[in-house]
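Could you build all of it, start to finish, from the sequences and the hints given here?
If you want the building blocks of each chain, they are given just below.
2 protein chains.
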Amino acid sequence: MINSLDQLGEKEILNRLKKFMAIGQIDDDTAQVNPLGKDILINTDVLVEDVHFSKETTSAEDIGWRAITTNLSDLASSGVDQILGITVGMITPPKTEWSWVEGVYTGIKTALDKFGGQLIGGDCSSGKQKVLAITAIGTVGCIRLHRSHALDGDFLVTTGPHGLSRLGLALLLSDQSIKKKQLSEHLKTQAINAHQRPNPPLEALRALERCKPKGLPWRAAGTDSSDGLLEAVENLCESSNCEAILDLKRLPRAQSWPLGTHWDNWCMNGGEDFELVLSLPPTWANALLKTFPSCQQIGYMRSGPAQVTWDNGKAIQKSNLLKFKHF
Amino acid sequence: MINSLDQLGEKEILNRLKKFMAIGQIDDDTAQVNPLGKDILINTDVLVEDVHFSKETTSAEDIGWRAITTNLSDLASSGVDQILGITVGMITPPKTEWSWVEGVYTGIKTALDKFGGQLIGGDCSSGKQKVLAITAIGTVGCIRLHRSHALDGDFLVTTGPHGLSRLGLALLLSDQSIKKKQLSEHLKTQAINAHQRPNPPLEALRALERCKPKGLPWRAAGTDSSDGLLEAVENLCESSNCEAILDLKRLPRAQSWPLGTHWDNWCMNGGEDFELVLSLPPTWANALLKTFPSCQQIGYMRSGPAQVTWDNGKAIQKSNLLKFKHF
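Sequences listed follow chains S and A, in order.
Be aware that the first sequence starts at 1, since it is given in our numbering, and climbs by one per residue.
Be aware that the second sequence starts at 328, since it is given in our numbering, and climbs by one per residue.
None of these hints come from the bench; they were simulated from the model.
Just so it is clear, the structure is predicted and the values come from calculations on it, not from any experiment.
Be aware that one or more of the hints could be misleading.
[What the hints assert, rightly or not] Listed next, the in silico BS3-like pairs over lysine-lysine satisfying Cα-Cα at most 27 Å (straight line): (1) A:K382 to S:K314; (2) S:K181 to S:K214; (3) S:K95 to A:K382.
[Said to hold, decoys possible] Here are some chain A residues pointing at chain S (derived, C-beta under 8 Å): (4) I369; (5) T371; (6) Q409; (7) I418; (8) P420.
Glycine included, each C-beta is placed from N, C-alpha and C at the ideal position.
Take a look at the structure:
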């Protein structure tokens, strides 16, 4: 039985991928989409085996799902309206089994069916290591979020708890550092799910749009926490040239999340949480906190140097923190 | 002196890449472009070291240039009007020198300055092998070329000579098969240039648009010859369900291109020639042949099985041909 990609050949691989593609886009050199007269948002992410995912912790379907979440999360944090389409560049070693490729595309398709958008094109090649390069495009919605739009007096809000994905990874790897820790079954399930099947913050974005108080302009700063919550806040500070004051008592911890430096670090720097991190006027922030239950205020913005400080005045000790890095 | 990417770190890498990016697009999670109310074309290509390029034959700048050409060639063969922007996903081993990355982006920028479009975003990561994943988007022009639009009676036309890039590669590798062959200096220079600095067929597309006879509808079939001339014609046949008859005497050879099976094979299957391969009404084809000197009619289309046949009735012996493959 023929199972590996080098046995199948490029033509047969492309033929088998057709069932995942939007009709009409499988036969040409390019895909065509209609942005309905609107500006478009575009985002490209690369995911590399043993850097962004490993077969120990992530099935092929989960990899496909997470690739879409990563990408749509970036679009959401810029204020996307409709997801128009996704292209997938896939690189695999020649001996890769077809079942792995099919799994990834099944995950992609399942995520797109849930979050919107179609698979409209792509490219494939052999290579030494598995790689996914995903580009998503969508139309601009009613608020265009920028990192640089934070202002003095804004509340800092995030749309959900942080650290869950990092805990999920630790659980899947049977990490020694958590072996002795008593964790609730609910937290464990939630954490593994957050790692394997994270959702892009599209519902949170819709809530943000719906709850804007009348009279306020469509101005808010935003990014996502895919590289960690602290990194997200730092990016807002740097782009907006503002100082962020974080409230130590208001770290966005999940229910029954343990206390302690180790757990605070995972909350702040775990990465891959895919929540919105927003800087917006207090009235709008309060409206969002009321309407979207998982939202939490984590601090506020003020004029000052582009840095993040605890509300007790202490500087954040970066050297103690686990930064989320790809180099 | 710090030179390798793992010494620089991700933040410094991104900082250094800013000079290559369009203003205003460097600071957010996504890029935004305005398609001026038009539909858009989108294309993704992956280029992998030792599959699509090797350091023996291609400098970093040439890799960047060729990546753009590959991509814009696909957009051209679908009928692009304005190139809106390019995103670049780059994967490199951690020990890669910064000078290599800078070289690739310099090549990308030089090509975009020549052909249109801006670098608007991307992503980078470490990995075992160098990879470029390029996505280009552009607006749809006055003719939307499809592979499936060929009709019985069309002329088959290509916009330039074929095999040059393959010869250029052989020259750069000091390939034994051509060692004893006397080749003109002009042909050698042209071939190496075609391999290292190929142009996407945007001028040919503009000529095609300009010379359409009045009264004819905007209907033509098209693709590019990036995977070889024969593969391009086969793709038109399969998508349009037509038979292509190729004229043996009219192979699109460059000036002073040698005769013989080996050279015919390179012309037909060399790959990476980045010319348009068009199927269009005879009057439009003749107008194009007059207005665009490097154009050549290579055959015609007729009702029949989806296959390519020589005009003497002989089937094309595929087993003798070098197919251009990535698996």
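Results for each hint:
1. Among the hinted pairs, A:K382 with S:K314 is inconsistent with the structure: their alpha-carbon atoms are about 50 Å apart, more than 27 Å.
2. Our distance criterion of 27 Å between C-alpha atoms is broken by S:K181 and S:K214, whose separation comes to about 47 Å.
3. Between S:K95 and A:K382, the direct Cα distance comes to roughly 25 Å. Compliance with the 27 Å bound is thereby established for this hinted pair.
4. Checking A:I369 against chain S: minimum C-beta separation of about 5 Å stays under 8 Å; hint holds.
5. The criterion of a C-beta within 8 Å of any C-beta in chain S is met by A:T371, whose closest approach is roughly 4 Å, and the hint holds.
6. For the restraint placing A:Q409 at the interface with chain S, the shortest Cβ-Cβ distance is roughly 13 Å, beyond the 8 Å limit, so the hint is violated.
7. Using the Cβ-Cβ criterion of 8 Å, the hint placing A:I418 at the interface with chain S is satisfied: the shortest such distance is roughly 6 Å.
8. The beta carbon of A:P420 comes no nearer than 10 Å to any beta carbon in chain S, farther than 8 Å, and the hint placing it at the interface is violated.
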